[in-house]
Amino acid sequence: MLIAKVVGTTVSTIKDEKLTGRKLLILRQTDETGAPFGKPYVAVDTLDAGVGDLVLTAHGSGGRQTALTKNSPVDAVIMAVIDHLQVNGEVVYCKE
Amino acid sequence: MLIAKVVGTTVSTIKDEKLTGRKLLILRQTDETGAPFGKPYVAVDTLDAGVGDLVLTAHGSGGRQTALTKNSPVDAVIMAVIDHLQVNGEVVYCKE
Amino acid sequence: MLIAKVVGTTVSTIKDEKLTGRKLLILRQTDETGAPFGKPYVAVDTLDAGVGDLVLTAHGSGGRQTALTKNSPVDAVIMAVIDHLQVNGEVVYCKE
Amino acid sequence: MLIAKVVGTTVSTIKDEKLTGRKLLILRQTDETGAPFGKPYVAVDTLDAGVGDLVLTAHGSGGRQTALTKNSPVDAVIMAVIDHLQVNGEVVYCKE
Amino acid sequence: MLIAKVVGTTVSTIKDEKLTGRKLLILRQTDETGAPFGKPYVAVDTLDAGVGDLVLTAHGSGGRQTALTKNSPVDAVIMAVIDHLQVNGEVVYCKE
Numbered sequence: 001m002l003i004a005k006v007v008g009t010t011v012s013t014i015k016d017e018k019l020t021g022r023k024l025l026i027l028r029q030t031d032e033t034g035a036p037f038g039k040p041y042v043a044v045d046t047l048d049a050g051v052g053d054l055v056l057t058a059h060g061s062g063g064r065q066t067a068l069t070k071n072s073p074v075d076a077v078i079m080a081v082i083d084h085l086q087v088n089g090e091v092v093y094c095k096e
Numbered sequence: 101m102l103i104a105k106v107v108g109t110t111v112s113t114i115k116d117e118k119l120t121g122r123k124l125l126i127l128r129q130t131d132e133t134g135a136p137f138g139k140p141y142v143a144v145d146t147l148d149a150g151v152g153d154l155v156l157t158a159h160g161s162g163g164r165q166t167a168l169t170k171n172s173p174v175d176a177v178i179m180a181v182i183d184h185l186q187v188n189g190e191v192v193y194c195k196e
Numbered sequence: 201m202l203i204a205k206v207v208g209t210t211v212s213t214i215k216d217e218k219l220t221g222r223k224l225l226i227l228r229q230t231d232e233t234g235a236p237f238g239k240p241y242v243a244v245d246t247l248d249a250g251v252g253d254l255v256l257t258a259h260g261s262g263g264r265q266t267a268l269t270k271n272s273p274v275d276a277v278i279m280a281v282i283d284h285l286q287v288n289g290e291v292v293y294c295k296e
Numbered sequence: 301m302l303i304a305k306v307v308g309t310t311v312s313t314i315k316d317e318k319l320t321g322r323k324l325l326i327l328r329q330t331d332e333t334g335a336p337f338g339k340p341y342v343a344v345d346t347l348d349a350g351v352g353d354l355v356l357t358a359h360g361s362g363g364r365q366t367a368l369t370k371n372s373p374v375d376a377v378i379m380a381v382i383d384h385l386q387v388n389g390e391v392v393y394c395k396e
Numbered sequence: 401m402l403i404a405k406v407v408g409t410t411v412s413t414i415k416d417e418k419l420t421g422r423k424l425l426i427l428r429q430t431d432e433t434g435a436p437f438g439k440p441y442v443a444v445d446t447l448d449a450g451v452g453d454l455v456l457t458a459h460g461s462g463g464r465q466t467a468l469t470k471n472s473p474v475d476a477v478i479m480a481v482i483d484h485l486q487v488n489g490e491v492v493y494c495k496e
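Protein chains in written order, with this note's numbering: chain F, 1 to 96; chain B, 101 to 196; chain L, 201 to 296; chain E, 301 to 396; chain G, 401 to 496.
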C-alpha cells in the first residue's frame, strides 16, 4: 500500500456504468511525514475520506476487494484513513 | 487510476482475435491540470473518447472489468471521461 | 499496453514445461514514432512477429489471456502488430 | 519480492472492515546489505516482524495469498523475515 | 519478463508456511548482454538455477503459475535459464 494525501476530486458524466455513484478522488503519494511528492493518481473512496486526509491506498486487484469496488474497472482504493504514523519509535504524523 | 490525455490512434491488422473491433488509443499521463508528461501508452476505449479528451485509465486486471475487454489480452482501459478536476477547492481542469 | 519494438530472440533449454514451443522475444519500449528507449524486456509472441516490428504488449495477467499463454508463468504477450500510429491527426509511424 | 526494512507502524481507526486486527507496517526497500532507499510503503505483517527487521514483501495479488490477507483490500504482505543474505558467495547481511 | 542475473541467496527461518522448502534467490535485472543494473529483487527458483546464471523472471500473478509457487505469497519466479540472446541478428550473450 502507498501512503497518500487526498488533494482533490474528479467529476465524470461519461463513465463505465459500474462506476455510477462511486467517488473518485485525486491523491498524491507522500512520505511517512505526509509530505506529498510525484504526480497525482486517482482512487475510489469507500471510507468518506476528505481533501487533506492522509490515507492508505491498495492497488491492482487489491483495489477491487471491497463491497463497493468488486468487479469494477478500477485499480486503486482508499482502504484506511491514517490516524498516526510512527517511525523508529517517534510519531512522525498525527491527524489533526 | 491515472489521469491521461488521448493523443492518438493505432491501427493493427495482425492482432489477437479477441481485439477485433476494439479501439486502441494512444494516451499520455497528465498532471491534475491536464498537462501531459512521460512516454505514451495504449488503452482500450469503451466510451467513444476522442483525441484531446482527458480521461481516467484503469490498469492491470482492472482493465478487463468491462463488457468489451473481459478475457482479452489487454491491460488498460479508459473507464471515465473527465468533466472537471478540482484540487484544494479550486477547479484546475474543465472540459471545453 | 506498451508500444515496443522487437529487437531480438531468446533461447532457453531449461524452462518451465508450459513454455515448451513458445517464442520469447526481446523488446524495447518505444515512443509513438517507434524510437526505442529504456532497458529490454521479454514477451511471448503469439502473432509471428519479427525483429524490427513495432508491436503492442499487454502485461501482467493480461499477458495470459491468449490461447498460447493461458496458465503459463509469463507476464507479457505481444497482442498486436502495429500498422500505423497517428498522433494529433498526423501519421507518426507507418510499417514499411 | 522486495528486500525491505521495517521502519515503523500505522494506526487507522477508519478502515475497511476486513482490515480489523491486521498490523500494517511501514517499510523501505533496501539493497542486499539492508541499506534502505526510496520512499516508504506499507505491508500487512503476518509474521510478527518488528521495527528494524529485514524482510521480504510480496506484492500485488501475491500479497493476498496468506490466511490473514485473503480477499482483503491489500497489495503487499511480509512473507519472510530474513536471517541472512549471501551475494557472490559472501554473507552481506546477517540478522543480529 | 525481465532478463536477470542470479547474484545471491536468502535464508529465512520465519516465513509463510507455503514457502517451506522453496529456494528464494537474489537477482538483478540486466540488459540484453547480461550486464546488471538497478537494485536487487528476489524470486522463487523452480529450475535449480545457480549464482551467475542469466535467467528470465515472470512477475505478479505470473509468478504463481508453476507447480511449486501456486497459491503461495510470492510475486516472481524464475521460469527459464537463458542459453543465448540474439539482438539484431547478433549473438550478444552466450551461456558459458
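Just so you know, the hints here were simulated from the structure itself, not pulled from any lab data. It cannot be assumed that every hint is accurate.
Listed next, with one range per pair, are the computed distances between beta-carbon atoms [unchecked claim]:
| hint | chain 1 | residue 1 | chain 2 | residue 2 | range |
| --- | --- | --- | --- | --- | --- |
| 1 | G | 417 | L | 252 | 15 to 23 Å |
| 2 | L | 283 | E | 317 | 47 to 55 Å |
| 3 | L | 295 | B | 191 | 41 to 49 Å |
| 4 | L | 238 | E | 337 | 37 to 45 Å |
| 5 | L | 233 | G | 471 | 23 to 31 Å |
| 6 | E | 384 | B | 167 | 46 to 54 Å |
| 7 | B | 191 | G | 489 | 29 to 37 Å |
| 8 | F | 17 | E | 317 | 22 to 30 Å |
| 9 | B | 183 | F | 89 | 45 to 53 Å |
| 10 | F | 35 | E | 395 | 29 to 37 Å |
| 11 | B | 167 | L | 231 | 45 to 53 Å |
Computed list of chain G residues with no C-beta within reach of chain E, every gap over 12 Å [said to hold, decoys possible]:
| hint | residue |
| --- | --- |
| 12 | 434 |
| 13 | 441 |
| 14 | 496 |
C-beta: ideal position from N, C-alpha, C; glycine also.
Status of the hints after comparison with the structure:
1. The hinted range of 15 to 23 Å is not satisfied by residue 417/G and residue 252/L, whose Cβ atoms lie roughly 49 Å apart.
2. For the pair residue 283/L and residue 317/E, the beta carbons lie near 50 Å from each other, so the given range of 47 to 55 Å is met.
3. Look at residue 295/L against residue 191/B: about 43 Å separates their beta carbons, and that is inside 41 to 49 Å.
4. At about 20 Å, the beta-carbon gap between residue 238/L and residue 337/E misses the expected band of 37 to 45 Å.
5. About 43 Å separates the C-beta atoms of residue 233/L and residue 471/G, a value inconsistent with the hinted range of 23 to 31 Å.
6. Evaluation of the 46 to 54 Å hint for residue 384/E and residue 167/B yields a pass: the beta carbon distance comes to about 51 Å.
7. For residue 191/B and residue 489/G, the Cβ-Cβ distance of about 55 Å falls outside the hinted range of 29 to 37 Å, so the restraint is violated.
8. The hint said 22 to 30 Å for the Cβ distance between residue 17/F and residue 317/E, and at roughly 26 Å that hint holds.
9. For the pair residue 183/B and residue 89/F, the supplied restraint of 45 to 53 Å holds, since their beta-carbon distance comes to about 46 Å.
10. Hint check: residue 35/F to residue 395/E, Cβ distance near 31 Å, so the stated range 29 to 37 Å holds.
11. A hinted range of 45 to 53 Å is violated for the C-beta pair residue 167/B and residue 231/L, which are about 32 Å apart.
12. The claim that residue 434/G is not at the interface with chain E holds, since no C-beta of that chain comes within 12 Å of its own (minimum 15 Å).
13. Not every beta carbon of chain E lies more than 12 Å from that of residue 441/G, the smallest distance being close to 6 Å; the non-interface claim is violated.
14. Distance check on residue 496/G: its Cβ is at least 16 Å (rounded) from any Cβ of chain E, clearing the 12 Å threshold; non-interface status holds.
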